[in-house]
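All chains, full assembly: derive it from the sequences and hints.
Below are the chains, spelled out letter by letter.
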Amino acid sequence: MSGYTSDPRIRWTEWLPWLAAIAFFFAMPEYLSLGARVLIYILFALSLDLILGYAGIITLGHSAFFGLGAYTAGILGAKYGITDPFLQVIAAAAMAALLGIATGAVILRTKALTLLMLTLAITSILLEIANKATALTGGADGLSGVKTDPILGLFRFDIFGKTAFIYCLLVLFLGWLLVRRLIYSPYGAMLTGIRENTARMHAVGAPVYWRLVLVYTLSATLAGVAGALLTQVNQFVGLNVLGLEPSGDILVMLILGGVGRLYGAFVGPVIYLIAQDYLAKQYPEYWYFGIGLLLIVVVLFARGGILGIVDKIGAPWLQALSRHRSSAKASAR
Amino acid sequence: MPDALRLSGLRAGYGETVILEDVALALPERGSLAVLGRNGVGKTTLLATIMGHTTFHAGSIQANGRVIQQLPVYERNRLGIGYVPQGRDIFPSLSVEENLTVAARAGKRWTLERVYDLFPRLAERRHHRGNQISGGEQQMLAIGRALMGNPALLLMDEPLEGLAPIIVEALLKSLQRLMAEDQLAVILVEQHAKLALQVTEQALVMSRGRIIHHGPSRDLLADPERLGRLVVAQ
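Chains as they are written, first to last, in this note's numbering: chain H, 1 to 333; chain L, 1001 to 1234.
Calculated directly from the structure, the hints in this document are not laboratory data.
Owing to the predicted nature of the structure, the values given are computational and were not obtained by experimental measurement.
Yeah, the Cβ is synthetic: ideal placement off N, Cα and C, and Gly gets one too.
Misleading hints may appear alongside valid ones.
To be verified - Taking beta-carbon pairs under 10 Å as the criterion, some of the chain H residues facing chain L (in silico):
# : residue
1 : Ala20
2 : Met190
3 : Glu196
4 : His202
5 : Ala203
6 : Gly205
Spelled out as structure tokens, the structure:
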């Protein structure tokens, strides 16, 4: 990891997750619904990584945007007959962006614990609204009967999750391109600068507050898109998309994978959701125990998350490889 | 032409605590000023106040004829004040080049190439991370980073602190070249009084938050006894 703008070209290893996803599609057709869920949470984790890992904005309220996106798509599809999948996603993104800029403009003037509590308050308020506005949201019963048209009029959401998987994969790919582009730009370097030394970033001429509001809004938009995808794939929205719990879950996923590194957001949800799926089948009552244990192990022994471990083990190999290459180059000369 | 910097009746500090009292000075365009004095007399606070990092109480701060004391830090930077902080404050996980590009302002005098021309060491280290380079290189980087904002006034807080003599020499050469070639005014806070006097036109000595002497640098340089008395006087 040498930096952000130094070499923005996509390395061959960065295609591996996508190859793995395509291989998964053909190899494990019975797990595609779980696969689509994983892809959605990767997009959600990616949006969180942008603000937490790069800009250093700590939050326990990122579910506010995810949930608002989910409910926006759901209410449009179930109550207003707007069933075009792209319209639902765009509306969800717009609503999440509006909430992001409106709340960000207020809370990003604060730091640390105050900020943490304010983010938590916002998602808790939304949870309470969703719970009480039963006419619109279905309240505690959830909102069922969400209709979504076939994509481009051609691909119906099937019960095996084939369409859902490909659809989520494509949206995630676009989200990844956007986030990657952002991180490998001077703007991305500036976000790291803000995280590492805010006062210094002021002194080199960055209006820190506005830059934070911008990245917060972008991140909210992506989280809103992820929420809309979840609604479309499930054809249902429940209260579990809002509040502390989903915020905490996504945070745990990101920490497991590795915070502040693009692919931590890819590894975390895969591990978390597969572990959850497996543990919930084996030990229906105690599966959270397994997740908790995993988190403790990572926090105690691998501060960089699972990708941090990979780095540590892989670094000597990579060094040997680059030594080998440079000596080969030297002898070629 | 308006002065690069003009302070009058300046009173500032941290919160309620007042550090600077009745500070006045005028620095012409392309001028250079050494700020001397013992530890804790307010030298760093003076620079931090010009940049906007402290609490302003009274008086006025003008840069290029504009009153700036109420402006946020980033706007002061954009109006042409560059700051090289004590301790350098390099962004540790950004590369050398990224440390420079985050501070870049479009379409003006300073570019990556020009900074690398001034500090060739940085060009060699461009892909190293901020925490992988030596103290001297970090100091060059901090100066380069400030230059990337195209400053009309460069504030430097003890840039020679903790560096090996050979690095100090190289850095001073670069600074002298910078002051000769570029249109910027410089304020240099320094413990190495003699070195600072050699490269500046004017000097002031501070004591307990006030200016107790202001005159040409060469006068103080020629009179070491007086310099000693002023810097030690409390």
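Each hint tested on the structure:
no.: 1; hint: Ala20; verdict: 28 Å, violated
no.: 2; hint: Met190; verdict: 5 Å, holds
no.: 3; hint: Glu196; verdict: 5 Å, holds
no.: 4; hint: His202; verdict: 4 Å, holds
no.: 5; hint: Ala203; verdict: 5 Å, holds
no.: 6; hint: Gly205; verdict: 4 Å, holds
Going through the hint list in order, the structure does not satisfy hint 1, though it satisfies all others.
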